[in-house]
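Engineer: Spelled out from the first residue to the last, the chains are:
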Amino acid sequence: MNLLSSTLAEPQSFSPWEKLLLVALIVASAGLFWRRFGPILKRILNSKKDPNFRLSPVAKRVWDFFWEVLCQAKVIRERPLPGLAHAFVFWGFCAFALVTLNHLATGFGVGFLYPQGLIGRFYFYLAAAFAIACAAGILGLFVRRFFVRPRWLGEKVSYESGFIALLIFLLMVTYLASFAVTDSSPAARILWWAHTLSLLVFLPIIPHTKHLHLVLSPATIFLSRGGFSKIPPLVGDEDFGLVTGTDLTQLVSLQAYSCVECGRCSEHCPATNTGKELNPKEIILGLRGYLNEFGPSSQETLIGKFNSMTADFQCTTCGSCEYQCPVGIEHLPIIIGLRRGAVNTGTWEDDHGAKLFLALERGSNALGMGALERDKFVQKQAFPIFDGTQEYCLWLGCMGGYDPKGREIIADFARVMNYLGTSYGVLRKEKCTGDPVRRLGNDLLFQQLAESNLEALAQNKVKRIVSICPHCVRTIQEDWKEFGTPPEIEHHSEFLARFADKLPKQTTNGKPSEKIAYHDPCYLGRYRNVYEEPRAVAGLAGEVVEAPRSHERSFCCGAGGGLVFLGEETGDRVSHTRAKELVATGASTIGTACPFCNTMFRDALSATGQPAPQLLDIAQLTARGLPDANAAIGRTAPGGSTRE
Amino acid sequence: MKIIVAIKQVPERDAQVRIDSSGKWIEETDLQYAMNESDAYALEEALQLKEKHGAEVVVLSAGPERAGTTIREALAKGADRAIHVEADSLHQHDALGAAQLLAAAVKPESPDLILTGLQSDDLGYGQTGVIMAELLGLPHASLILHVEKTDTGLTVKRELEEGWFQNIDLPLPALLMIQSGGTKLRYATLMGIKKAKTKEFRKIAATDLGHPNEPTAVLEKITLPQKQKSTQIISGSPKEAAATLVEKLKFEVRVI
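So the protein sequences, as listed, match chains A and B.
Letter 60 of the first sequence, counting from 1, is numbered 60 in our numbering, and no numbers are missing.
Letter 203 of the second sequence, counting from 1, is numbered 1203 in our numbering, and no numbers are missing.
So that you can see chain B by itself, here it is in the shape it has in the complex (with noise of 0.2 Å):
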């Protein structure tokens, strides 16, 4: 079996984000960078079909010249070989774009399955994973805590909202987008960053690919959400009250 895992590096998590000067992007300078969340995730989950029934694990992400620490992290924690698109500023680009540029680098490795992340920690599109199996013409599922490998295909199992799940039966070849916490992480071992170091890393230009087209969705502007104080009382019985008050808490203030 093949899996493609595609990964993104993305600002660490506790990094303190600026506005840059055009207003339309962070300040790059001085971040420090890790594996985005979710895509972690689904690295684990292919690592872990690799060991109960034997696959080749490729990675593949694309990034700038500096997205290849994240991606040596990937070959470190068992992936056999890495693809890396070299693109910058892809965050000008829209997800259509992100998506037309994976699936280009997908499509000669004509891989069973792949794996995305559900959505990355900077932009939070959530829909990468999506595009790429339209563009692929594979059946997908998103939103996935475990996988398990059927004589069929595959077993999903997917998050609902309130505590329910939904188990899906799939076909291979298929994509799936994976959610974080389903299963524990392993953790980068000195010996997994020795053997990657023997590993196959494949560099592919963007222009390479033919692609991206111009994007379809532009990013205007970036701000800070402006911190803002205001009173409402709220009336009625406790019951209406406690009921309007966890409305607006979930619609209004989204902390719920």
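Extracted from the complex, chain A is given alone in its bound form (with noise of 0.2 Å):
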């Protein structure tokens, strides 16, 4: 059989009961499918109205529909052979549509596309190229599903996703085949039955599995609240957060409704992968359960039959599952919009929480420590005071203030900044960004330090701030946003990046003194996209060595969240687990830009017992860099000994 001479085989006739089993299959399937999805779709219309949502600017959302939708990109990227293997599905799809309707069409004699004719010759060639690829990918994923079995897919065999493998598969055959018959032969009337059976089959079972993706996460992924981890501002005075149902708002509902339970969030999830309650993707279908049984007008509370408290209360707030989630769905809004509703309401009842919320209330910093201490510290290092003048204001922040390791780091950036000649200050008094407060969902506190801060930073003339703090630094730039202008900010991975050039290079004998395997933190990462500055700085004091996960696949060192305030984690340490991976890169320094990473991993490295790699921020690494180093504290050039 010459293939380039076939061409899809059509039944030329129909006969009239032929005609009306069409038409009543067709009724039937498409009735089944709105039995089920016009539920689905009114339960998110009637879903509360999202205040803030703003369709313009259009043209990120259009590129995002380009980019996540057609081309897969997010889909292919985070898992590439499986990946792949979806998008050739996807593709075939859309290739398929006129294929489709064309072969509806026929069946009641008015198909559009001719077999013979060039352009129809041409279309059903491509379509069966994609076919081929589609049955190939299929193929490909009902094997890693049901036998290779990857952990993230869970434990219990999914008999409808092999059922629908199934019905793909038989579509692209049921075509592929009826290039090999004629128009005339029994066959083909066969295989054009075969396909029609297959096709308003599979119709009404969309609805009722995850396949429903197909037809809202195109919309998902267009509809999003544009920016990562978006926190929504409360608006009037009953919202406090997510509560009950109609505290859900049509993006969460639309998002519920569309998971894929692919489980990419759940991959990367530090909670998930240490053993504790917390799994993103049970939250997003904890909350598909809610609406299925409660509906969106419910007052019965989120926090309950389908969502654990506890499990909303050990998310670090990494951000590896919205990052991830190839269907657009948001899960960091919908986490605090959760721990919102229940510290909002004082329904969350926790020692640690407590604590912190109070140090906040009566004090200025989260570590529940007296303003004179920071004083102390500031008069001691002789810092500059900011009064306007200088060009940058170096904010402290609550661990650059007042914790032991923090100030290391602060005194160490403040030294290169000298060195560089940099005019700055530091401010005679700070108050906590507001951080772990914000992310733990308390916004009476939040919205206290925000503005208390802002009054502040306007009256001290604060234009530009310089910061070691990623939490700081995202905390100020955007969440601050809510209540006012804040001052621009950048991170001092940044800031130092800029002046590379005239910061000394740190060899021994023409060659990179040691290897560091630098770790990006969560709020610079994946929130701030900032990967290559902190690798050009630590670059300059060795060679940088890569950590399995790295980049935006980078693991959380366990402190955000607010959760290094709170209590022992239960499971594994996220922080000795990230910690192991580093340490067996094999580097001698473990290099870090965020002073939280950084106190993390100091205690996962004593707690280790051997003797373990330097750890050192991105600024000590370069302040040992520079001509007085011999005057610094607490650090080690390679070869010399330890102090400290």
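Everything labelled a hint here was simulated from the structure, so no lab data went into it.
Any given hint could be a false lead.
What the hints assert, rightly or not - Okay, derived cross-link-like pairs now, DSSO-like style, lysine-lysine, Cα gap no bigger than 27 Å in a straight line:
id: 1; chain 1: B; residue 1: Lys1197; chain 2: A; residue 2: Lys48
id: 2; chain 1: B; residue 1: Lys1050; chain 2: B; residue 2: Lys1199
id: 3; chain 1: A; residue 1: Lys49; chain 2: B; residue 2: Lys1194
id: 4; chain 1: A; residue 1: Lys429; chain 2: B; residue 2: Lys1227
Said to hold, decoys possible - Just some of the chain B residues that point at chain A, by a computed CB distance under 10 Å:
id: 5; residue: Glu1012
id: 6; residue: Gly1078
id: 7; residue: Gly1192
Idealized CB from N, CA, C, for every residue including glycine.
Two chains, two separate frames, one set of hints: put the complex together.
Structural biologist: Below you can see the structure in the form of structure tokens.
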């Protein structure tokens, strides 16, 4: 059989009975589809409108739609082989759009693509190519799901997935087989009906399963909140976050129904990976379960049958889940929303949490220390005081102002700024930016801190801030926007990278002094897309080596989301898990760019009991290369002895 | 049951305190204020009693206008209504004056129980509650860590020295002075603050209460403690020297 001369066989005519049967089947199929999809659509539309949602700027939405939906970029990038297989299935579906329409039209004798004609021939050959790819793809995915059985797809075997895979395979095979038969043969008619039945059985199954994403996810991706971990402001006196069904907005409901259960969110979750209750997939499916049982107008609390408060408060807000999701689900506003619902109503009772909130109600910093301590540090270091004339305000933050290691980082960064001749000053008083309370959902305290800080910064005429802490940077730049206009702020890695050519390169005999394993902080990497600048800075001090999970896949240190202030973890320690991974690179130094990561790893490394690599912030790595390095405290250049 | 909680707004714990030009008080501009620590525990005891037995919790405070913020914080945490006795420069009056004002505000309310903090973080007299009890003719107990309601009144746990506690039974009405640390404090919530907006907030001018009288004790001068360095060599056998050292640390240096 010469493939290029064969054309798609179509039965030339159908009897009136056949046409009637076709109509009945189409009506039944569509009816069953609507019977299930209608109520779901209704639940989404009946949810509370998102008060701050703006369609513009549309350009970004269109781009994201093109890139993530049509090009399947995230699907492929984050899991290449299965992603590509899925992409072929998806592109196959797209290519088949006209095929399917023509197929049904043929049933009524009004087919519009002629297999013998030039356009028809071309199109059908094109579709055939896609069909082969699609069939191969679905076969591969079937093998992966039922034989390879990756952990993230869950323990239970999903028969519905198998059945759908079979239908898709049948659709492709019946189409391809039609090239090998003639129009008038009984085989053509059988193939035609087999294809039709597969189609019409598939349609009503869609809204009953996770395949609803076929319908919803293009909309979900297009209608994203815009921004990463975008926490919506509370609106009005009755809004306390996600408390009951009435608080679920249209976006949240849409996202809950779009979940494809792929488990990419769980795969990278630090909590799920260390044996904790929290599993981001279950949070989303829990909301779906809630909507199915109670609906969007229910007064039943969201935390309960379908959601666990314990799990909600195990989240470090690292963002791996939201970053990975191929269908556009935004987990962080949901988890933080659930926390808000518990904290703003006083339902969350946690000793450490209360202690953190009380410390910030009465004092200026999250560590519960007296402001005098920070004053003493500032005096001892003889930092210039910011008076509105300097170019930069150096923001200490809670860690930089009160934590011993944070202070070392600040002192070394100041040393570097002195070397560079930067004009900077330190504020007399600082209050916590509110990051931990924001991520824990305490809006009262966050508003108080943000407003108080914005006022103080305006009074002090602060225009530009540089900070050593990615949490401060994020909170000041993004979260404070809700209450005013924050000054410009950048992270010290961005600052230092700009001056990389003015900073000394540390080498031993012309070669890099040592290997440095750089850890990407969540709030610098995924939240801010800053990956290369800290590497450029660390690269001045040694050769940067990558941990297995780096850049946007970096594994959290465990401190975020306010968790560093809460009590003991269950399961394995997130910080220990990550520290082991960094140590295993064989590097002699672990490089950090966040004082919280630094403090978590310091604890983890001391618990390993073996000689551990050095742990240095990029500011410290830079400072040790300065000409007056002998005056620096608590670090070692390679080959020297450690003084800590 | 009606419970009145008397609270005071004081400078924040870690405030940088400076003496003002008159030398008789501290410079108040630039200070951050918060609820007096033991008063916060008194409020918490009242709220826990309310949750267990049902009660109306009324928060009472005498102070300048800025005290309103602290009073609202108490409403946000769960108090039902507030009375603000507006009085400026209360520090110029003695403990008797403050107690007279508060007692005058309390009298028409006829509460079942009055809770005050043990002492204020700024003046630290520790007398206000006791004097109030005397003026109101109420049985009272101080240094209370825990309050339990019984059929006949109250059973309270009182802190003594060296880790000893004492349990006392009291009839109602009574006045208790609450010590810090006896329970866990609750945090202020957004919902609480929103509800507080609609709660009754009554203001009374101090002059309307007819008090205070001329102070019986007056603050003459405020000074910062002089930092001194002095070295003493303690002689004797190790046992004797240790005993002497402990004495000095306790009574001279006052750090233990």
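Engineer: So, for every hint listed, does it hold in this structure?
Structural biologist: Okay, the hints, checked on the actual structure:
no., hint, in the structure
1, B:Lys1197 <-> A:Lys48, "holds, 26 Å"
2, B:Lys1050 <-> B:Lys1199, "holds, 16 Å"
3, A:Lys49 <-> B:Lys1194, "holds, 23 Å"
4, A:Lys429 <-> B:Lys1227, "holds, 25 Å"
5, Glu1012, "holds, 7 Å"
6, Gly1078, "holds, 9 Å"
7, Gly1192, "holds, 7 Å"
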